[in-house]
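Letter by letter, the chains look like this.
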Amino acid sequence: QSVLTQPPSVSAAPGQKVTISCSGSSSNIGNNYVSWYQQLPGTAPKLLIYENNKRPSGIPDRFSGSKSGTSATLGITGLQTGDEADYYCGTWDSSFYVFGTGTKVTVL
Amino acid sequence: QLQLQESGSGLVKPSQTLSLTCAVSGGSISSGGYSWSWIRQPPGKGLEWIGYIYHSGSTYYNPSLKSRVTISVDRSKNQFSLKLSSVTAADTAVYYCARTDGDYWYFDLWGRGTLVTVSS
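First to last, the sequence lines map onto chains S and Y.
Just so you know, our numbering puts 16 at position 16 of the first sequence, and the rest follows in order with no gaps.
Throughout, our numbering is defined as the position within the second sequence, counted from one, plus 1000.
Fair warning: there could be bad hints in the mix.
As the list claims (entries may be wrong) - Calculated pairs, SDA-like style, for lysine to any residue (alpha carbon to alpha carbon, straight line, at most 25 angstroms):
#1 S/46 / S/80
#2 S/46 / Y/1013
#3 S/46 / Y/1067
#4 S/54 / S/104
#5 Y/1045 / S/61
#6 S/54 / Y/1008
Don't read these hints as lab results, they were simulated from the structure.
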């Protein structure tokens, strides 16, 4: 059972913005960097955001990350049909790595 | 360009040991100071970190699996491996290997994953 809580689903129309929250505690998000992963249907996860708010090469600036206290947020602007996927946050917790519960993004 | 490819038995009997290998191609497993992880995903469920081997050779495991897991690296073959003993149906999952930044904790390169089914 994950200690990082995400909303099960979020949705918006093309071109709109969505935000995905990731709620944790002082033992994980509060004291460690957060990363975010996108998992398109039937594929392996892909790194979207690392060290709270950095984007790997090739990730468009429509994707952004932030962290405040024991919570983190992924933002997606200019939503596209190709953004339909599951999104997971993740961070270190005391002595092991934890992923969030996952959020399904639906483009209406 | 570095690539990771999982391989191993796709069907394992209950109580036996699951064995998987992740071959690293396009570069050396020993360069860059990276660490190497195994992550799994049961069908229709979320991601679960299994453990990783640090570039120094130290290993760290998920406490929930620690008693059954062994991760090792064979630098001469440019690959690392996972062994999970005493498997049950609950271990049925897609298993991914991933390159890991062990200092800032993120997985920047993933294999395509391999499905392992535990069934008699």
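Right, here's what the structure says about each hint:
1. S/46 / S/80: holds, 17 angstroms
2. S/46 / Y/1013: violated, 31 angstroms
3. S/46 / Y/1067: violated, 29 angstroms
4. S/54 / S/104: holds, 22 angstroms
5. Y/1045 / S/61: Not OK: residue 1045 of chain Y and residue 61 of chain S at ~29 angstroms, beyond 25 angstroms, violated.
6. S/54 / Y/1008: violated, 34 angstroms
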